[in-house]
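For the record, the sequence lines run as chains Y and S. First residue of the first sequence: 1, per the working numbering; consecutive thereafter. First residue of the second sequence: 1, per the working numbering; consecutive thereafter.
Treat the hints with care, as some may be off.
Identical copies go unnamed one by one, so any copy, or any two together, can satisfy a pair.
[To be verified] DSBU-like cross-link-like pairs, simulated, lysine-lysine; straight-line CA separation at most 30 Å:
id	residue 1	residue 2
1	LYS195	LYS304
2	LYS225	LYS98
3	LYS98	LYS304
4	LYS142	LYS195
5	LYS250	LYS112
6	LYS112	LYS304
7	LYS281	LYS295
8	LYS94	LYS225
9	LYS250	LYS281
10	LYS94	LYS287
11	LYS98	LYS142
12	LYS195	LYS254
13	LYS195	LYS250
14	LYS98	LYS281
15	LYS295	LYS112
16	LYS225	LYS254
17	LYS94	LYS254
What the hints contain is simulated information worked out from the structure, not anything from laboratory work. A quick note: this is a predicted structure, and the numbers were derived from the prediction, not measured.
There are 2 protein chains.
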Amino acid sequence: MQEFSLIETYFAQSSTGTNQSNVVLGIGDDAAILDVPPNQQLLVSTDTLVSGVHFFSDVAPGDLAYKALAVNLSDMAAMGATPAWVSLALTMPKMPPKWVSQFAHSFMQTCKEYGVELIGGDTTSGPLSVTITIHGLRPHEKVIRRGGAQVDDGIYVSGTLGDAAAGLNILRANNENEQDGLDATHRFLIQRLLKPTPRVLLGEQLGGVATSCLDLSDGLAGDIKHILRASSVGAQIEVDALPQSSAVLKYTTKQQAHEYALTGGDDYELCFTVSDANAQKLEQIAKNCGVSITKVGFITEPEKGLSFVSNRQPYTVPQSGYEHEF
Amino acid sequence: MQEFSLIETYFAQSSTGTNQSNVVLGIGDDAAILDVPPNQQLLVSTDTLVSGVHFFSDVAPGDLAYKALAVNLSDMAAMGATPAWVSLALTMPKMPPKWVSQFAHSFMQTCKEYGVELIGGDTTSGPLSVTITIHGLRPHEKVIRRGGAQVDDGIYVSGTLGDAAAGLNILRANNENEQDGLDATHRFLIQRLLKPTPRVLLGEQLGGVATSCLDLSDGLAGDIKHILRASSVGAQIEVDALPQSSAVLKYTTKQQAHEYALTGGDDYELCFTVSDANAQKLEQIAKNCGVSITKVGFITEPEKGLSFVSNRQPYTVPQSGYEHEF
Numbered sequence: 001m002q003e004f005s006l007i008e009t010y011f012a013q014s015s016t017g018t019n020q021s022n023v024v025l026g027i028g029d030d031a032a033i034l035d036v037p038p039n040q041q042l043l044v045s046t047d048t049l050v051s052g053v054h055f056f057s058d059v060a061p062g063d064l065a066y067k068a069l070a071v072n073l074s075d076m077a078a079m080g081a082t083p084a085w086v087s088l089a090l091t092m093p094k095m096p097p098k099w100v101s102q103f104a105h106s107f108m109q110t111c112k113e114y115g116v117e118l119i120g121g122d123t124t125s126g127p128l129s130v131t132i133t134i135h136g137l138r139p140h141e142k143v144i145r146r147g148g149a150q151v152d153d154g155i156y157v158s159g160t161l162g163d164a165a166a167g168l169n170i171l172r173a174n175n176e177n178e179q180d181g182l183d184a185t186h187r188f189l190i191q192r193l194l195k196p197t198p199r200v201l202l203g204e205q206l207g208g209v210a211t212s213c214l215d216l217s218d219g220l221a222g223d224i225k226h227i228l229r230a231s232s233v234g235a236q237i238e239v240d241a242l243p244q245s246s247a248v249l250k251y252t253t254k255q256q257a258h259e260y261a262l263t264g265g266d267d268y269e270l271c272f273t274v275s276d277a278n279a280q281k282l283e284q285i286a287k288n289c290g291v292s293i294t295k296v297g298f299i300t301e302p303e304k305g306l307s308f309v310s311n312r313q314p315y316t317v318p319q320s321g322y323e324h325e326f
Numbered sequence: 001m002q003e004f005s006l007i008e009t010y011f012a013q014s015s016t017g018t019n020q021s022n023v024v025l026g027i028g029d030d031a032a033i034l035d036v037p038p039n040q041q042l043l044v045s046t047d048t049l050v051s052g053v054h055f056f057s058d059v060a061p062g063d064l065a066y067k068a069l070a071v072n073l074s075d076m077a078a079m080g081a082t083p084a085w086v087s088l089a090l091t092m093p094k095m096p097p098k099w100v101s102q103f104a105h106s107f108m109q110t111c112k113e114y115g116v117e118l119i120g121g122d123t124t125s126g127p128l129s130v131t132i133t134i135h136g137l138r139p140h141e142k143v144i145r146r147g148g149a150q151v152d153d154g155i156y157v158s159g160t161l162g163d164a165a166a167g168l169n170i171l172r173a174n175n176e177n178e179q180d181g182l183d184a185t186h187r188f189l190i191q192r193l194l195k196p197t198p199r200v201l202l203g204e205q206l207g208g209v210a211t212s213c214l215d216l217s218d219g220l221a222g223d224i225k226h227i228l229r230a231s232s233v234g235a236q237i238e239v240d241a242l243p244q245s246s247a248v249l250k251y252t253t254k255q256q257a258h259e260y261a262l263t264g265g266d267d268y269e270l271c272f273t274v275s276d277a278n279a280q281k282l283e284q285i286a287k288n289c290g291v292s293i294t295k296v297g298f299i300t301e302p303e304k305g306l307s308f309v310s311n312r313q314p315y316t317v318p319q320s321g322y323e324h325e326f
């Protein structure tokens, strides 16, 4: 199948389902034409998933499409932005039409679910990888950056941490994507790896409330440093306060679960800071969004650096957050 | 080297050289924050180059960085837009620091040359490929789309056609990137393949003058169809009028040179339509931009379809424009 027909057959036809009135021209010219509403800022982020690095090569096409979008949506959530448009660069070897159609179906379904429109992209022949550039919109005063954390702000995370790392461990021990014969606990943890929930609604509501925010892709212990560096502050994390699912605590020891939360990747929960004055507002936001929110520490003076405590004792994080090696 | 240090060492440090005052926040958060000036539309395009598909695996890193940017800049030129910001998704196997530094140097140099700012991206481990998403700006009435061609408009192209296809042929016959012992003609043609000139200035000046425009990436015979389809018109192309360099005519027969121009890829010249009333204005634009512009045919009623003539006789195009096979 040739390039233009591929895009048109599987993607372009489905792209009319959203209500993005600010898309003047979507797929089909040398570039998309977009109107950014007055008083809104434009947020842009790019993430690539590579076969064998970010997902197993026999991944289900629908799961791949979902996750590629989810990690990009999560970046918008971390900025407090409303996702609007995505470009898709899909590189793949010769794939059966069924694979492509399942990928496209899941992709367009997820776009619809989050009110995002596919505005263009490129399909090329080569080793399987997916690069998405996502665009979000938000009034200036509602955008959340990493650099606004203040001393004594509480540090919060959404959902539960460490599930995805446990899920990865299970998949590795069970012939990768072979999930037959696994119990409900294992399946839950695997789904948390394959289908993370981007916290878009929460991110939107945190705008104007959180003083800083990011999404957890490489583990709390490593990711929090980005906030500390950008805000020129320190932090203390209470390890026993880390929210962990009953599934991960059933699957492994408490100690191992802590490690997963602190150094495991792929949770895509939000980590953010909020002043005590806004703590009640935050409670209401959590209720509005139907997401649990847990205080896991507080911001300190910069000279105190980053410290972890457990049972009122200093706690040493076993290893630093995951980063791609070159 | 780890992901964050890679970006910061090679790219982020150099990214302050442009004068894009509308970049509120560039590299370093979950997303870039951008201000789109009032009354400007946003143009977005994405192109991927894959090793072994779009370039030889032993490509010089500087040439790869240049070309990846050039093909994206060319998309902005085709819309009449002014390039503003780029995101870079660079996937590569373990590369020596020198390779990465040469890639980054050429990338940032080219950004500077075209007044474009690197606003973010992703570096991942995997088979070599480069995906760039480019953003351009332009007032609404100056954006050029494919769908505006009118019956009797002249069809024009910039520069010369077919050089890149000849260059590819030479490289294939000479152990790929091995260029020692080649004469000036061969070198010129190879450079036209490796270092196409995006016609950004021309594209900007064509806004409000050209009725349609695209850039030639797959050969005139195939690419012109996109204008015809979008505009619901036909076209007649005068094959003998195709502008061809003295180099390509020295390298091969006239007949083969025609084929290169019509069905060879990678020229990245602009093809556009202009009404006779604006023909003089066009001449002035060509002078302003220092680019040769050649009339190669005219737009016809849709029922006449697409036809080619040579020596007043119907001419049959040997093969259709290049498209990536899946």
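Cross-check of the supplied hints:
For a Cα distance limit of 30 Å, the shortest separation of LYS195 from LYS304 qualifies neither inside one copy, at 37 Å, nor across copies, at 52 Å. Within a single copy, LYS225 and LYS98 get their C-alpha atoms only as close as 43 Å, which misses the 30 Å cut-off; across copies the closest is 29 Å, which meets it. In this assembly of identical chains, the alpha carbons of LYS98 and LYS304 never lie at most 30 Å apart, being 55 Å within a copy and 38 Å across copies at closest. Taking the closest pair of Cα atoms, LYS142 and LYS195 come within 30 Å of each other only inside a single copy of the chain (27 Å); across copies the shortest separation is 43 Å, beyond that limit.
When the C-alpha separation of LYS250 and LYS112 is checked against a cutoff of 30 Å, the pair qualifies neither within a copy, at 35 Å, nor between copies, at 55 Å. Neither within a single protomer nor between protomers do LYS112 and LYS304 lie at most 30 Å apart by alpha-carbon distance, with minima of 45 Å and 40 Å respectively. Within a single copy, LYS281 and LYS295 get their C-alpha atoms as close as 14 Å, which meets the 30 Å cut-off; across copies the closest is 66 Å, which misses it. Taking CA atoms no more than 30 Å apart as the test, LYS94 paired with LYS225 passes between copies only; the shortest distance there is 26 Å, against 41 Å inside one copy.
In the homo-oligomer, the alpha carbons of LYS250 and LYS281 never lie at most 30 Å apart, since the shortest distance is 33 Å inside one protomer and 75 Å across protomers. For the homomeric pair LYS94 and LYS287, neither the shortest alpha-carbon distance inside one copy (47 Å) nor that between copies (46 Å) is at most 30 Å. In the homo-oligomer, the alpha carbons of LYS98 and LYS142 never lie at most 30 Å apart, since the shortest distance is 42 Å inside one protomer and 41 Å across protomers. In this homomeric assembly, LYS195 and LYS254 come within 30 Å of each other (Cα to Cα) only inside a single copy, at 24 Å, whereas the closest approach across copies is 57 Å.
For a Cα distance limit of 30 Å, the shortest separation of LYS195 from LYS250 inside one copy, 20 Å, qualifies, whereas the shortest one across copies, 58 Å, does not. Neither within a single protomer nor between protomers do LYS98 and LYS281 lie at most 30 Å apart by alpha-carbon distance, with minima of 47 Å and 51 Å respectively. Taking CA atoms no more than 30 Å apart as the test, LYS295 paired with LYS112 passes in neither setting, with 32 Å inside one copy and 45 Å between copies. For the homomeric pair LYS225 and LYS254, the shortest alpha-carbon distance inside one copy (24 Å) is at most 30 Å, but the shortest distance between copies (63 Å) is not.
With identical chains, the CA atoms of LYS94 and LYS254 are never at most 30 Å apart, being 45 Å at best within one copy and 36 Å at best between copies.
Of the numbered hints given earlier, the model fails hints 1, 3, 5, 6, 9, 10, 11, 14, 15, 17; all others are met.
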